[in-house]
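S.K.: Below are the chains, spelled out letter by letter.
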Amino acid sequence: MWDWLDERTGLVSIWRGFADHVVPRGPSLKGVLPAILVYLLVQQMVLGLLLATHYAPSATDAWASTAYIQDRVSAGWFIRGLHHHATSAMILVILAYLGQLAITGAFAKPREFVWISTLGLLLVTMVLGVTGNVLPWDDQGYWAIQVELGIMEQTPGGGMLRTVVQGGNDVGNLTLTRMYAIHALVLPALAIAMVAGIVVLGRRAQRAETSGPRPHPGVAFFPSQMLMDMIGIVLVAVALVGVTVSTNGSELFAPADPTSTFQARPEWYFLPLFQLRMYFEGPLEPIATMLIPGLVGGFIVLAPFLAARGGNLGRFGVLGGLGLVAAGAVALTAISIQKDADNESYVESMDKARKDAERARGFAKEGVVPEGGPAVFYNDPDYKVRKLYEEHCQTCHELDGFGGVEAPTFTNYRDRTWMSELIRNPNEDKFFGKTEIDDMDPYDAEALPDDKLEAVVEYLVQLSGSGEEVDATLAEQGKALFIDELDCNGCHEVEPGVDGGGPNMHGHGSAPWVARVIRDSAQPDLYGSDAKMPKFADKLTDDEISDLARFVVARRGVTADPVPPPVEGEKAKGDEPEADAPEGEEPEADGAEGDAADGDDEGAGDGEDDGKADDVDADADAKAEDPPPPPPPADDEAG
Amino acid sequence: MTAQSDSPSGTAEDPGRRRLLVLGIGGACTAVAGVTLGPAASFLTHPVRVPTTSGSDAFIPAGSLQQLSTDTPTKVDLYADKVDAWNRVEHVKVGSAWVLEREGQLVALSTVCPHLGCAIDYQTEEKRFVCPCHDSFFDLDGKATEGPSPRDMDALEVQVEQDAVAIRYQRFKQGTDAKEPV
Chain A
1 MWDWLDERTG
11 LVSIWRGFAD
21 HVVPRGPSLK
31 GVLPAILVYL
41 LVQQMVLGLL
51 LATHYAPSAT
61 DAWASTAYIQ
71 DRVSAGWFIR
81 GLHHHATSAM
91 ILVILAYLGQ
101 LAITGAFAKP
111 REFVWISTLG
121 LLLVTMVLGV
131 TGNVLPWDDQ
141 GYWAIQVELG
151 IMEQTPGGGM
161 LRTVVQGGND
171 VGNLTLTRMY
181 AIHALVLPAL
191 AIAMVAGIVV
201 LGRRAQRAET
211 SGPRPHPGVA
221 FFPSQMLMDM
231 IGIVLVAVAL
241 VGVTVSTNGS
251 ELFAPADPTS
261 TFQARPEWYF
271 LPLFQLRMYF
281 EGPLEPIATM
291 LIPGLVGGFI
301 VLAPFLAARG
311 GNLGRFGVLG
321 GLGLVAAGAV
331 ALTAISIQKD
341 ADNESYVESM
351 DKARKDAERA
361 RGFAKEGVVP
371 EGGPAVFYND
381 PDYKVRKLYE
391 EHCQTCHELD
401 GFGGVEAPTF
411 TNYRDRTWMS
421 ELIRNPNEDK
431 FFGKTEIDDM
441 DPYDAEALPD
451 DKLEAVVEYL
461 VQLSGSGEEV
471 DATLAEQGKA
481 LFIDELDCNG
491 CHEVEPGVDG
501 GGPNMHGHGS
511 APWVARVIRD
521 SAQPDLYGSD
531 AKMPKFADKL
541 TDDEISDLAR
551 FVVARRGVTA
561 DPVPPPVEGE
571 KAKGDEPEAD
581 APEGEEPEAD
591 GAEGDAADGD
601 DEGAGDGEDD
611 GKADDVDADA
621 DAKAEDPPPP
631 PPPADDEAG
Chain B
1001 MTAQSDSPSG
1011 TAEDPGRRRL
1021 LVLGIGGACT
1031 AVAGVTLGPA
1041 ASFLTHPVRV
1051 PTTSGSDAFI
1061 PAGSLQQLST
1071 DTPTKVDLYA
1081 DKVDAWNRVE
1091 HVKVGSAWVL
1101 EREGQLVALS
1111 TVCPHLGCAI
1121 DYQTEEKRFV
1131 CPCHDSFFDL
1141 DGKATEGPSP
1151 RDMDALEVQV
1161 EQDAVAIRYQ
1171 RFKQGTDAKE
1181 PV
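Quick mapping for you: the protein sequence lines, in order, are chains A and B.
Mapping the first sequence onto the numbering used here, position 531 (from 1) lands on 531, and the numbers just tick up by one.
Mapping the second sequence onto the numbering used here, position 97 (from 1) lands on 1097, and the numbers just tick up by one.
In case anyone wonders, no lab produced these hints; they're calculated from the structure.
Backbone N, C-alpha and C fix where the C-beta goes; we use that ideal spot for every residue, glycine too.
Hints should not be assumed to be uniformly reliable.
As the list claims (entries may be wrong) - Straight-line C-alpha distance at most 20 Å; calculated SDA-like pairs for lysine to any residue:
hint, chain 1, residue 1, chain 2, residue 2
1, B, K1082, A, V147
2, A, K387, B, E1090
3, A, K452, A, T417
4, A, K387, B, H1091
5, B, K1082, A, A375
6, A, K384, B, K1093
7, A, K384, B, V1083
8, B, K1093, A, E371
9, A, K109, A, F18
10, A, K384, B, K1082
11, A, K30, B, I1025
12, A, K387, B, V1089
13, A, K109, A, K339
14, A, K30, B, S1096
15, A, K30, B, G1024
16, B, K1093, A, Q263
17, B, K1082, B, S1096
Unchecked claim - A few chain B residues facing chain A, derived, Cβ under 7 Å:
hint, residue
18, A1028
19, H1046
20, V1048
21, R1088
22, H1091
23, V1092
24, S1096
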């Protein structure tokens, strides 16, 4: 049967030749590194093929499809993680093999080309790493390729080279398709050639040893040495699986965003070059990016030839030189890692990047709109609310410099400054100037000195019951002023629901109160019949209204839902602990990406589970819910 | 190859030991391959277990009753939000239906041919539906009259509220006698 097959294909003879190859000095774990390279290369190709079945190389789809692989497809995170870490493993094994060749002197005649093939494989693998990192089109990939293309541009004629590689004047679709083609088609072919060179040329050299005039004794490759090889391979495989599982695969940052302040770092195997560049500024930069790597690279390539000259002195000189290069690379890597660990801004920025990533990946589970990339944040409930706001409110209520002034501004809505300014002159355009509400007289500094104004405002903050921290003593003074001295409660009642002519101040400015205004601002205990604001009770859903109300009160950093307003000022100190936490959080608005004020943004919650293969879960919440951020305690009594 | 296996140790020649070594190699190969191939199987068959695309299974507005209630079929394109693997696309065409009035009832027939999924067309003169790919013919009730189609045209659920017509768009298994949603 085997003869039959062999006669027609020669396959059996090929196997015989492979299996009966004589390994000098018998089976040994020392000879396993080339086999491990073969294993890693084959595994990488299979994993790459699997990833290619789910990945779309376009600027709009790359991130979304990667997030899909990472968080939705079963075992996707593992396959992607293994593919990522195996590149590192490959580089480590290559370095180990280079070290072995140099230290044992095995790179000398006749193995110079084994040495050179290994170096070639190192280069190819590093470029595979660079091109592969770009493909997810997350912040890491985006910013890293910017730097790498920048370095490329510094070479002579680099401007044109950059345009060709990146496919235009800016990175985009063509960059990705090019990187993908190189990564998936060109480089693997080169890597196969290099690994084949290592194995075939290595065996050739072994044959010379075992069949020369004074042959070394040896044993057949199969099965003894092959078992050794397999032991080495299994050890590497176990380590790889361990690393992949313990790191939850490979990181995936938020989608490429040209406005982000991501601090890109290269993969660890580029850190020596990255750190080296730090020491050369301005016009000297090419010394670090071109000259030194070029000279060192040249020296390493020529090492076996140099070692062959000048006898022992040459050999030890070259070994010393290589040792120096290795030590330098290790030192630079260590410095770089240490510097980042000590660099607070870097650590902080990575923290933020990871949080953004979690949110983005959480939103991605609902599906990414075709705009792709950062448009995943359109799924942010905050972003949806902002859209609602722009559609229904912004025409009249200015916010952060956008919108009309037909009605009170919502920039920093009802924070203490806002309130003070309103009391000083309610008829200003930014408050009620353009409305038909004009019953309240301005209180200038004479009628109400600053310190008293401050007290009144404090009292009003307390009355709003929005959970903000309140200076109780000051509020107490304010209460006295409000009720006795100024008689504000002549119009502005403070008992719930009572109509005094002007808006009742109980709960005024809290989210449920704002929601009532949105529903129908003309109720007697609100603004009465002078209010011309459209009634949104029928136009928007209850959820939309309470989302909008929360959005508006969030302008002053209030994200917690209100505790019931303290009717008795005395004992309600207003120090609700949970209220401070969100307040510390950035109250900043500019939510173009919808990252407004929410300390407790839930998007992160989804990402939390690290994208383990929780398909069912993922699909369930793709549809089901992304409830508006804050867990509402006792909300909507106003509805 | 002239590689003489003159292994001096002779260990590899001991058949029992050799067997053990080969077994070890086989086991190791299987284990290492399994690291990739196990997850690969799960990865590639994911769509069997979890739907990767989904349209809306709600009723989709199709037009006005007045406009659609004629005995000449009108082709109505249905727009809905759709999830396609990693994408969520809003308001895209998900399919279309032939809508006409039969015996006072508004009827919607999917334009997807039950045979192999080509788009069914209407022949005004012959007053019949035809699938132009493999010449299946259907009458105005959607009944298969001629050709390879294994069943009648697939009727879709229709909802009429006042003047507004809505259709629930579904796709059905192709090539089977029975109409089963996919």
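S.K.: All hints, please: hold or fail.
M.R.: Outcome of the hint check:
Taken as a hint, the K1082/B and V147/A pair is broken in the structure, with Cα atoms around 38 Å apart against an allowance of 20 Å. For the suggested pair K387/A and E1090/B, the alpha carbons sit about 16 Å apart, so the restraint of at most 20 Å is met. Note on K452/A and T417/A: the hinted pairing holds, with a Cα-Cα distance of about 14 Å set against a maximum of 20 Å. For the suggested pair K387/A and H1091/B, the alpha carbons sit about 18 Å apart, so the restraint of at most 20 Å is met.
For the proposed pair K1082/B and A375/A, the alpha carbon gap of about 17 Å is at most 20 Å, so the pair holds. Proposed proximity of K384/A and K1093/B is contradicted: the alpha carbons are some 24 Å apart, above 20 Å. Distance hint between K384/A and V1083/B is fulfilled; the C-alpha atoms sit about 19 Å from each other, no more than 20 Å. About 18 Å separates the Cα atoms of K1093/B and E371/A, which keeps this hinted pair within 20 Å; it holds.
At roughly 23 Å between alpha-carbon atoms, K109/A and F18/A are farther apart than 20 Å, so this suggested pair is violated. Using a Cα cut-off of 20 Å, the hinted pair K384/A and K1082/B holds, with the two alpha carbons roughly 19 Å apart. The straight-line distance between the Cα atoms of K30/A and I1025/B is roughly 18 Å, inside the 20 Å bound, and the hint therefore holds. With a C-alpha separation of about 18 Å, the suggested pair K387/A and V1089/B falls inside the 20 Å cut-off, and the hint holds.
At roughly 42 Å between alpha-carbon atoms, K109/A and K339/A are farther apart than 20 Å, so this suggested pair is violated. Pair hint K30/A plus S1096/B does not hold up; C-alpha atoms about 67 Å apart against a cutoff of 20 Å. The hinted pair formed by K30/A and G1024/B meets the criterion: a straight-line CA distance of about 19 Å does not exceed 20 Å. Taking the CA atoms of K1093/B and Q263/A, the gap is near 42 Å; set against the 20 Å cutoff, the hint is violated.
For a cut-off of 20 Å, the pair hint linking K1082/B to S1096/B stands: about 15 Å separates their Cα positions. Taking 7 Å as the C-beta cut-off, the interface hint given for A1028/B holds, the closest approach to chain A being about 4 Å. The closest approach between the C-beta of H1046/B and any C-beta of chain A is roughly 5 Å, which is under the 7 Å cut-off, so the hint is satisfied. Because the closest C-beta pair between V1048/B and chain A is about 10 Å apart, greater than 7 Å, the hint is violated.
Because the beta carbon of R1088/B sits about 3 Å from the nearest beta carbon in chain A, less than 7 Å, this interface hint is met. For the restraint placing H1091/B at the interface with chain A, the shortest Cβ-Cβ distance is roughly 11 Å, beyond the 7 Å limit, so the hint is violated. Because the beta carbon of V1092/B sits about 9 Å from the nearest beta carbon in chain A, more than 7 Å, this interface hint is broken. Here the hint on S1096/B is broken, as its CB sits about 21 Å from the closest CB of chain A, past 7 Å.
In terms of the numbered hints stated before, the structure departs from hints 1, 6, 9, 13, 14, 16, 20, 22, 23 and 24, listed from lowest to highest.
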